[in-house]
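Note that the protein sequences, when read in sequence, are chains A and B. Residue 1359 in this note's numbering sits at position 190 of the first sequence, with consecutive numbering throughout. Residue 1470 in this note's numbering sits at position 301 of the second sequence, with consecutive numbering throughout.
It is possible that some hints are incorrect.
One copy or two, either will do: identical chains are not told apart, so a pair holds if it fits within one copy or between any two.
For lysine-lysine, the following PhoX-like pairs were computed, each having C-alpha atoms within a straight-line distance of at most 25 Å [claimed, not checked]:
1) 1412 / 1557
2) 1523 / 1644
3) 1412 / 1503
4) 1503 / 1404
5) 1523 / 1631
6) 1238 / 1523
7) 1238 / 1319
8) 1466 / 1579
For the record, the hints were derived by calculation from the structure and aren't laboratory data. Just so it is clear, the structure is predicted and the values come from calculations on it, not from any experiment.
2 protein chains.
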Amino acid sequence: MRVCPGALGYFLDQWKECLLLALQHHFQEHLVSHPRTDQDQPCLASEASQQWYAGWYAVCEWRSPEQLKDLLDLELREGGEAHPQILQRCRDAIRYSVKTGHPLFFNQLYAGMDPYSLVGRFITEAINPSLYTYEVAPVFLLTEEAVLQKMIEIIGWQEGGDGIFSPGGSVSNMYAVNVARYHHCPDVKVLGLSALPRLVMFTSQECHYSVAKAAAFLGIGTNNVYVIPSDKRGKMIPAEFEKQVQRGALPFMVNATAGTTVLGAFDPLEEIADICERHNLWMHVDACWGGGALMSKKHRYLLQGIHRANSVAWNPHKMLMAGLQCCAFMVRDKTNLLQRCHSAQASYLFQQDKFYDVSYDTGDKSIQCSRKPDAFKFWLMWKAIGTKGLEERVDRALAMARYLAEEIKKRDGFRLVMEPEYTNVCFWYIPPSLRDMADGPDVCTTPYLQVAPVVKERMMKKGSMMVGYQPHGDKANFFRQIIISPQVSREDMDFLLDQIHSLGMDL
Amino acid sequence: MRVCPGALGYFLDQWKECLLLALQHHFQEHLVSHPRTDQDQPCLASEASQQWYAGWYAVCEWRSPEQLKDLLDLELREGGEAHPQILQRCRDAIRYSVKTGHPLFFNQLYAGMDPYSLVGRFITEAINPSLYTYEVAPVFLLTEEAVLQKMIEIIGWQEGGDGIFSPGGSVSNMYAVNVARYHHCPDVKVLGLSALPRLVMFTSQECHYSVAKAAAFLGIGTNNVYVIPSDKRGKMIPAEFEKQVQRGALPFMVNATAGTTVLGAFDPLEEIADICERHNLWMHVDACWGGGALMSKKHRYLLQGIHRANSVAWNPHKMLMAGLQCCAFMVRDKTNLLQRCHSAQASYLFQQDKFYDVSYDTGDKSIQCSRKPDAFKFWLMWKAIGTKGLEERVDRALAMARYLAEEIKKRDGFRLVMEPEYTNVCFWYIPPSLRDMADGPDVCTTPYLQVAPVVKERMMKKGSMMVGYQPHGDKANFFRQIIISPQVSREDMDFLLDQIHSLGMDL
């Protein structure tokens, strides 16, 4: 017997620098103390030290696609490269990547970092499992089941339910459409839609774009998604929904959104549930973003009525910081609907003559074959900080959003689009040259359209922070500030507003 | 300015033990020298050292679902746990997970480990990017593009093509169905299938089960998948295909399989392409498993004609060992079909007034919103070992499969199901008590049905190796041995056959 116990140490030594560099992107303790004003910058005489400074603190080090192609040397060749060159490839990849864990990254509906989740991901990447059967992924199927059952309990389905982790909220919403139509007409699996009357579904105008993608992909057709108007706060108007249900064809489901993408609005779930009961519709709640509020005793009223839904999509990789991807799709059904709707019973994988209880081979519930263990990192983090720790995180993010909204109201040249209910804080920045026009309804029109894109360009080229913007309905481009991470402080909120002003005051 | 440069070191110190443990699962240099006979076992007097031995060398440490639930303490509670407890959770998760990188893990269509891919995954997990837009994932969108273009070149589409990485080969096959039907009837995206005549598609009886899942999920219906008989070698019979095309309804695509799941068979692509041309059908090749052979000048003849396909699915996480998941879906089309077919143009994400060339914001080609950077690890590995290194890996795996097949022919009590073309080596083990019956056609029937499940149970409880089995058509359960990793040696092949005999000789 020959054993080489030094092999692991050798591996870690070889790649330690890269791992450290990569961890800098995530483990931001040193970045929490990043400089917030130009006066804070250290005195860096040489160009080299200035570069170091920029790379260390910037949210991103912007390069155009053409520049970056040159820098990375993307070409794949016949021969391999030596170790020092590969190390340089790793350094470059890390350097020019956006630091999504940076406290000033506010660009998407995920941000920040949790060290437990990260350790969980390192473990699962090293183990490289795939979740079809208990025999190859025992730990990861059981932890998935435990997480799903706890999430189902928190939703409030007292009789229990079923679920599966999926590669993204968009796919979860597709699951919802498929399960809803199968529930309505089980023949669809075998006969297809061409054997059925025209099916129609409902969603609000503020819903995520994946609802349209789902309708197209699943053969429903985007025209058969009836779009319900929302009120000024971005919430579906129930009376309009009921009107649309009576328009004919075969209505089978509604997608209610709990936490819309732009405004962070919550559809009125109780009223939607009443209408679904009256008309025998499947009620799906897309809580991919807003589901986090369920963890908070203080804020879960936003999703009042979610326990009446037939299915829920909820992404812990967003507000709860479980790391991309971590997306649960859950159904209240207890009759093995997921399995019946999606199974194909491959005999080479789901053998029925195995020596253990094959009800633990849950892979056939999924539309995937190989599937990543996305629940494990969340399970580990939950074990480490507890339900209470998750609750505190959510409460803190909502309090911070409230602080930012109040600051915006105090400052000249900033205007809230609406009072935030969740952590989407939407606002315009109005440069001094345009402020005379700012009191009328014109704030929504052309001159303002240019402000946010230019400010965004300048912040990215400086690397000082990243925040999203978009036009919305009749409203010109406004910033959408998303708050998630407990590493974000009030000083960061002040810095954000100062930066926007300093980057845009000349416009 | 306050900087805490010790933070990273602290992080690594805290979690080093876990990372090392997890890496043991992947970095198997010490396992290449695992003991292959009972005589090889070290003399371990104490129970503790015996446990250490078992955990160190076993492919898996089997526990039933009930036992494992107790061991893992799955419950999620109000309060969090202290660091030592969380470390123990990690140790347990690693210990009871199957070592998919172990040289004796032959259970699935992936195995082994590549250190470059693993480093790539550690980097991307730390950076936590999502691939919708260039602004948030510049490095990862460019490396994805570079990998896709190289794969397209290798397929042989001289005019180029387009592609996207997807979360699994099953999803890639779904992309194929959606793109094919959109190409055939672009109205389907808006109007849905209810506005169209009944669409039908074709695949062989040996295809992957995801084709049926795709037909169900996309609203085609499993009845509208016409199943073409295969020959004895598992290859689609072209004449039967052409017969089916003439059966009526609206045929729009065929799924040809290059590397079937059980037998490793390759459908005759040239002849299928001829039929597709005659009947104006979309030709999709599911080369998720067999695509690896394209890297080898010696073996790429197996996919002769793939350059005539309209779309190809190819998973480098399988034969090329890029780590789960790494799944490319590619189309020959150059008219932006992927974008047209799948886009929803969300204005909050795919703003058209950005300051850079937004054609690099490729996320709207996808059915996902958040999406993992699955191409990067493959790009890094390819850079490190070159096209030549990938070719050698494939050639070595096929040579090893040939060695195993020859060994099987030499040994009493073993019988090949067929000569392998790829690295699926399918065979029966016939215990001495049944050998008298083995010469007739009865080898396919009842008494043999029990052998493989019992041998599998015994090998898992011992932890000595993992190999799959299944019944197939009229054939009773046989073993399906998959060879991938360059860490697998001839001695491992001999060990496999010895083990099966020693575990099953009393049956």
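Give me the numbers of the hints this structure contradicts, sorted from smallest to largest.
-> 1, 3, 4 and 8
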